[in-house]
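Which chain is which? The protein sequence lines are A and B, in order. 1 is the number of the first residue of the first sequence in this note's numbering; add one for each residue after it. 1 is the number of the first residue of the second sequence in this note's numbering; add one for each residue after it.
Worth flagging that the hints you see were computed from the coordinates, not collected in a lab. Everything numeric in this text was worked out from a predicted model, so none of it was measured. Glycine included, C-beta positions come from ideal geometry on N, C-alpha and C. Certain hints may be false.
Derived contacts from chain B toward chain A, CB cut-off under 10 Å, selection only [what the hints assert, rightly or not]:
id: 1; residue: 291
id: 2; residue: 385
id: 3; residue: 388
id: 4; residue: 389
id: 5; residue: 410
id: 6; residue: 484
Each computed SDA-like pair below joins lysine to any residue, with the alpha-carbon atoms no more than 25 Å apart [stated by the list, open to error]:
id: 7; chain 1: A; residue 1: 4; chain 2: B; residue 2: 374
id: 8; chain 1: B; residue 1: 441; chain 2: B; residue 2: 503
id: 9; chain 1: A; residue 1: 64; chain 2: B; residue 2: 355
id: 10; chain 1: B; residue 1: 391; chain 2: A; residue 2: 15
id: 11; chain 1: B; residue 1: 412; chain 2: A; residue 2: 44
id: 12; chain 1: B; residue 1: 179; chain 2: B; residue 2: 353
id: 13; chain 1: B; residue 1: 486; chain 2: B; residue 2: 59
id: 14; chain 1: B; residue 1: 127; chain 2: B; residue 2: 520
id: 15; chain 1: A; residue 1: 4; chain 2: B; residue 2: 201
id: 16; chain 1: B; residue 1: 353; chain 2: B; residue 2: 315
id: 17; chain 1: B; residue 1: 391; chain 2: A; residue 2: 4
id: 18; chain 1: A; residue 1: 4; chain 2: A; residue 2: 40
id: 19; chain 1: B; residue 1: 412; chain 2: A; residue 2: 25
id: 20; chain 1: B; residue 1: 389; chain 2: A; residue 2: 33
id: 21; chain 1: B; residue 1: 391; chain 2: A; residue 2: 25
id: 22; chain 1: A; residue 1: 39; chain 2: B; residue 2: 402
id: 23; chain 1: A; residue 1: 4; chain 2: B; residue 2: 465
id: 24; chain 1: B; residue 1: 11; chain 2: B; residue 2: 404
id: 25; chain 1: B; residue 1: 391; chain 2: A; residue 2: 58
id: 26; chain 1: B; residue 1: 389; chain 2: A; residue 2: 11
id: 27; chain 1: B; residue 1: 120; chain 2: B; residue 2: 233
id: 28; chain 1: A; residue 1: 64; chain 2: B; residue 2: 398
id: 29; chain 1: B; residue 1: 120; chain 2: A; residue 2: 8
id: 30; chain 1: B; residue 1: 309; chain 2: B; residue 2: 393
id: 31; chain 1: B; residue 1: 120; chain 2: A; residue 2: 17
id: 32; chain 1: A; residue 1: 4; chain 2: B; residue 2: 404
id: 33; chain 1: A; residue 1: 64; chain 2: B; residue 2: 362
id: 34; chain 1: B; residue 1: 486; chain 2: B; residue 2: 465
id: 35; chain 1: B; residue 1: 389; chain 2: A; residue 2: 8
id: 36; chain 1: B; residue 1: 127; chain 2: A; residue 2: 13
id: 37; chain 1: B; residue 1: 120; chain 2: A; residue 2: 60
id: 38; chain 1: B; residue 1: 391; chain 2: A; residue 2: 33
id: 39; chain 1: B; residue 1: 551; chain 2: B; residue 2: 402
id: 40; chain 1: B; residue 1: 391; chain 2: A; residue 2: 16
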Amino acid sequence: MAGKLRTEPGVDNPDDFYARLIDLHEGLSSEESHKINAKVILMLANHVGDTEVLYEVLEYVREKGTG
Amino acid sequence: MAKYGDTGSAKPTGRQARRTYEFVKPAEIDSGETTHFPVIIAGGGPIGLATAIDLSHHGVQSVVLEKHNSVSDGSRAICWAKRTLEILDRLGASERMVDKGVVWNQGWVYFGEETEPIYKFDLLSDKEQKFPAFINLQQFYAEEYLIDLFPSHPETEIRCQNEVVGVDNGEDKVTVTVKTPAGSYKTSCDYLVAADGHRSPIRNMLGLDFTGRVFEDNFLIADVRMKADFPAIRRFWFDPPFNPGQTSLIHKQADDVWRIDFQVGWDIDREEVMKKANVDAKIRAFLGSDLEFEYEWVSLYTFKCCRMKKFVHDRIIFAGDSAHLVSPFGARGANGGIQDVDNLVWKLDLVLKGVAPPRLLNSYDDERILAAEENVLNSSRSTDFMTPKSKVSLAFRNATLELAKDFEFARKFVNPGRLSTPSALDGSPLNTPDEDEFSDKQRPGLPCLDAPVSINGADDWFLNQLGNRFTGIYFSDNGTTPEKIKAVGSVQLPVDTLTVTKTKTGGDSIIDAKGLLHQHYDAQPGTYYLIRPDQHVSARWREFDRDKVSKALARATGR
Numbered sequence: 001m002a003g004k005l006r007t008e009p010g011v012d013n014p015d016d017f018y019a020r021l022i023d024l025h026e027g028l029s030s031e032e033s034h035k036i037n038a039k040v041i042l043m044l045a046n047h048v049g050d051t052e053v054l055y056e057v058l059e060y061v062r063e064k065g066t067g
Numbered sequence: 001m002a003k004y005g006d007t008g009s010a011k012p013t014g015r016q017a018r019r020t021y022e023f024v025k026p027a028e029i030d031s032g033e034t035t036h037f038p039v040i041i042a043g044g045g046p047i048g049l050a051t052a053i054d055l056s057h058h059g060v061q062s063v064v065l066e067k068h069n070s071v072s073d074g075s076r077a078i079c080w081a082k083r084t085l086e087i088l089d090r091l092g093a094s095e096r097m098v099d100k101g102v103v104w105n106q107g108w109v110y111f112g113e114e115t116e117p118i119y120k121f122d123l124l125s126d127k128e129q130k131f132p133a134f135i136n137l138q139q140f141y142a143e144e145y146l147i148d149l150f151p152s153h154p155e156t157e158i159r160c161q162n163e164v165v166g167v168d169n170g171e172d173k174v175t176v177t178v179k180t181p182a183g184s185y186k187t188s189c190d191y192l193v194a195a196d197g198h199r200s201p202i203r204n205m206l207g208l209d210f211t212g213r214v215f216e217d218n219f220l221i222a223d224v225r226m227k228a229d230f231p232a233i234r235r236f237w238f239d240p241p242f243n244p245g246q247t248s249l250i251h252k253q254a255d256d257v258w259r260i261d262f263q264v265g266w267d268i269d270r271e272e273v274m275k276k277a278n279v280d281a282k283i284r285a286f287l288g289s290d291l292e293f294e295y296e297w298v299s300l301y302t303f304k305c306c307r308m309k310k311f312v313h314d315r316i317i318f319a320g321d322s323a324h325l326v327s328p329f330g331a332r333g334a335n336g337g338i339q340d341v342d343n344l345v346w347k348l349d350l351v352l353k354g355v356a357p358p359r360l361l362n363s364y365d366d367e368r369i370l371a372a373e374e375n376v377l378n379s380s381r382s383t384d385f386m387t388p389k390s391k392v393s394l395a396f397r398n399a400t401l402e403l404a405k406d407f408e409f410a411r412k413f414v415n416p417g418r419l420s421t422p423s424a425l426d427g428s429p430l431n432t433p434d435e436d437e438f439s440d441k442q443r444p445g446l447p448c449l450d451a452p453v454s455i456n457g458a459d460d461w462f463l464n465q466l467g468n469r470f471t472g473i474y475f476s477d478n479g480t481t482p483e484k485i486k487a488v489g490s491v492q493l494p495v496d497t498l499t500v501t502k503t504k505t506g507g508d509s510i511i512d513a514k515g516l517l518h519q520h521y522d523a524q525p526g527t528y529y530l531i532r533p534d535q536h537v538s539a540r541w542r543e544f545d546r547d548k549v550s551k552a553l554a555r556a557t558g559r
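Isolated chain A, as found in the complex (with noise of 0.2 Å):
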């Protein structure tokens, strides 16, 4: 990907921080979890700020498809 969003890892403690995603949606019925995603989304959007970054995501995930 050639546009600004950046790819390489970043997150200091991947297994944690994904345990921590995860354990996020313990006992959540599918609508509970598709409205907090939604919220982990826009405030992570909201903190990067930059539409060009959050674009380019955008247009990557439409293309891969939903598979």
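Position chain B against the provided structure of chain A, taking the given hints into account.
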């Protein structure tokens, strides 16, 4: 639930005969006398056997009581990590293991129909080590090699078909009742090491806890014998066409035996899965329809991660699977157990000799519970990644794998098993925290990293210079060792001194010709490291100070 499930109808046609050991009637049966040993070890697996050999290196007498008359059977440990090989090298067993075993340093991870791995990882981060990241070798070979050391270690013996059936954890000694084919007898010890496996009869006799998690999934594990030229690399698949929606793994062992794992899911007809035709079909779908192979072993496993709340119970100490059980993705079972031995034996020795107070043994709990938690955490997370518990976790898992094809960052989230690394023992009460500036790489608590060195013109390895006692490592600019540095320790608690220098100037100092020791240990002339008998760093300073070394030594021995 059995860890060693039955082989179903896929009979082990290629099974190699295991070595057996003769039953010798213990003298206690006729004499009726209750003999006494400093240490009795229950269980003749790799952990119990290594404990006995290590104790004898310290001159401590012990006896291993083993229920069976042969080495282990079934799909047991195969992956022996670098740190384990370093520990077993101190005991004299590693050379044969490496000669016989299959050396590997890399793991490859595949996803879906792609025939190329989505990524590869290298487990040997520091090069120029005596031992590779891993060797694969069937557990029974490791046991044979350890048992072969017994005749040259007169302080210990192994008694086969001697089963511990009773235990009395007394205030000043432990008395065990032992059942044999020729009758029962009693014997006692100062300390009993219970290395009697994950079902630990001793743990049950004492009514002690063993709690954790069961993973709702089944894994079909086949050890097959075949001639194949697949690479000696740990190859792992997520959602391959030959096992859709599940994971698989293939890994080479000695004697042309290959370990093959198939995740098969939770709601299955166990008998159906284990039918020979079905196992055959799975293996052929994976490796080719014209493949010729024989079964060494086939079993169906459900994995659990459990541990005891504490491992030291007065005079009874648990080590290996009896104390902690992990799922196998990460090779953290036997490797964790051998580190238990490494940690425990020097402490037992000092306590038995009266040099250290019995409370030193509590640090075995502190340090090895920390390590067990790390092992349980890592192996649980790997199993969770392979067996997502909910729709949303499955979505995250598959999203991670898809992203991993394109992006390096996502590969860090993929978890096909985080392979055993030695525990850092951060925060152990035995460590003396740094007061001088040093890099983190060899901070107190970490095991010493190896490096090539030369001594009197001959090539050697650094770790082979460390014995079974405390050692002071003095980095010198000219190869000489000031007298005051040699004069630490005492008759009861000797400290060996090793001098490391970059260039040869005479004497028998260790020459760090490539400068790797200086680099790993962030050493300058005058730097002094105090190393424990298990090769973990106890303390370090930029400048030697006798009082500080004495204090660190006292701290490292529970005084």
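Hint check:
About 31 Å separates the beta-carbon of residue 291 of chain B from the nearest beta-carbon of chain A, more than 10 Å, and the hint is not met. At a threshold of 10 Å, the smallest CB-CB gap from residue 385 of chain B to chain A is about 8 Å, leaving the interface hint in force. Look at residue 388 of chain B: its Cβ gets to within about 8 Å of chain A, closer than 10 Å, so that hint holds up. Here the hint on residue 389 of chain B is kept, as its CB sits about 8 Å from the closest CB of chain A, short of 10 Å.
Taking 10 Å as the C-beta cut-off, the interface hint given for residue 410 of chain B holds, the closest approach to chain A being about 8 Å. Evaluation of the residue 484 of chain B hint against chain A yields a violated restraint, the C-beta minimum of about 43 Å exceeding 10 Å. Annotation: proposed proximity of residue 4 of chain A to residue 374 of chain B is violated, straight-line Cα distance about 37 Å (limit 25 Å). Annotation: proposed proximity of residue 441 of chain B to residue 503 of chain B holds, straight-line Cα distance about 23 Å (limit 25 Å).
Restraint check: the Cα-Cα separation between residue 64 of chain A and residue 355 of chain B comes to about 66 Å, which exceeds 25 Å; the hinted pair is violated. Proximity of residue 391 of chain B to residue 15 of chain A is assessed by CA-CA distance (about 20 Å); at most 25 Å being required, the pair is judged to hold. With a C-alpha separation of about 20 Å, the suggested pair residue 412 of chain B and residue 44 of chain A falls inside the 25 Å cut-off, and the hint holds. For the hint pairing residue 179 of chain B with residue 353 of chain B, the CA-to-CA distance comes to about 30 Å; that exceeds 25 Å, so the pair is violated.
With a CA separation close to 24 Å, the supplied pair residue 486 of chain B and residue 59 of chain B stays within the 25 Å bound. Distance restraint check for residue 127 of chain B and residue 520 of chain B: the Cα-Cα separation of roughly 11 Å lies within the 25 Å cut-off, and the hinted pair is therefore satisfied. Taken as a hint, the residue 4 of chain A and residue 201 of chain B pair is broken in the structure, with Cα atoms around 60 Å apart against an allowance of 25 Å. Taking the CA atoms of residue 353 of chain B and residue 315 of chain B, the gap is near 15 Å; set against the 25 Å cutoff, the hint holds.
Simply put, residue 391 of chain B and residue 4 of chain A have alpha-carbon atoms about 32 Å apart, too far for the 25 Å limit, and the pair is violated. Distance check on the hinted pair: residue 4 of chain A and residue 40 of chain A sit about 21 Å apart at the alpha-carbon level, within 25 Å; holds. As the CA atoms of residue 412 of chain B and residue 25 of chain A are separated by approximately 21 Å, the hinted pair is consistent with the 25 Å bound. A threshold of 25 Å between alpha carbons decides the hint, and for residue 389 of chain B with residue 33 of chain A the separation of about 14 Å falls inside it, so the pair holds.
A distance of roughly 10 Å separates the Cα atoms of residue 391 of chain B and residue 25 of chain A; the hinted pair therefore holds under the 25 Å criterion. Our distance criterion of 25 Å between C-alpha atoms is met by residue 39 of chain A and residue 402 of chain B, whose separation comes to about 22 Å. In summary, the hint linking residue 4 of chain A to residue 465 of chain B is not supported, as the alpha carbons are separated by about 52 Å, beyond the 25 Å threshold. Among the hinted pairs, residue 11 of chain B with residue 404 of chain B is inconsistent with the structure: their alpha-carbon atoms are about 39 Å apart, more than 25 Å.
As the CA atoms of residue 391 of chain B and residue 58 of chain A are separated by approximately 23 Å, the hinted pair is consistent with the 25 Å bound. Between residue 389 of chain B and residue 11 of chain A, the direct Cα distance comes to roughly 24 Å. Compliance with the 25 Å bound is thereby established for this hinted pair. The hinted pair formed by residue 120 of chain B and residue 233 of chain B meets the criterion: a straight-line CA distance of about 10 Å does not exceed 25 Å. Between residue 64 of chain A and residue 398 of chain B the CA atoms are separated by roughly 13 Å; this keeps the pair inside 25 Å, and the hint holds.
For the hint pairing residue 120 of chain B with residue 8 of chain A, the CA-to-CA distance comes to about 16 Å; that is within 25 Å, so the pair holds. Between residue 309 of chain B and residue 393 of chain B, the direct Cα distance comes to roughly 30 Å. Violation of the 25 Å bound is thereby established for this hinted pair. For the given pair, residue 120 of chain B sits about 22 Å from residue 17 of chain A by alpha-carbon distance, which is consistent with the 25 Å threshold. Straight-line distance between C-alpha atoms of residue 4 of chain A and residue 404 of chain B comes to about 19 Å, which keeps the hinted pair within the 25 Å bound.
Under the criterion of a C-alpha separation no larger than 25 Å, the hint pairing residue 64 of chain A with residue 362 of chain B is inconsistent with the structure, at around 55 Å. A distance of roughly 16 Å separates the Cα atoms of residue 486 of chain B and residue 465 of chain B; the hinted pair therefore holds under the 25 Å criterion. With a C-alpha separation of about 28 Å, the suggested pair residue 389 of chain B and residue 8 of chain A falls outside the 25 Å cut-off, and the hint is violated. For the suggested pair residue 127 of chain B and residue 13 of chain A, the alpha carbons sit about 24 Å apart, so the restraint of at most 25 Å is met.
Proposed proximity of residue 120 of chain B and residue 60 of chain A is supported: the alpha carbons are some 24 Å apart, at most 25 Å. A threshold of 25 Å between alpha carbons decides the hint, and for residue 391 of chain B with residue 33 of chain A the separation of about 10 Å falls inside it, so the pair holds. Restraint check: the Cα-Cα separation between residue 551 of chain B and residue 402 of chain B comes to about 54 Å, which exceeds 25 Å; the hinted pair is violated. For the given pair, residue 391 of chain B sits about 20 Å from residue 16 of chain A by alpha-carbon distance, which is consistent with the 25 Å threshold.
Hints 1, 6, 7, 9, 12, 15, 17, 23, 24, 30, 33, 35, 39, counting from the list given before, are not met by this structure.
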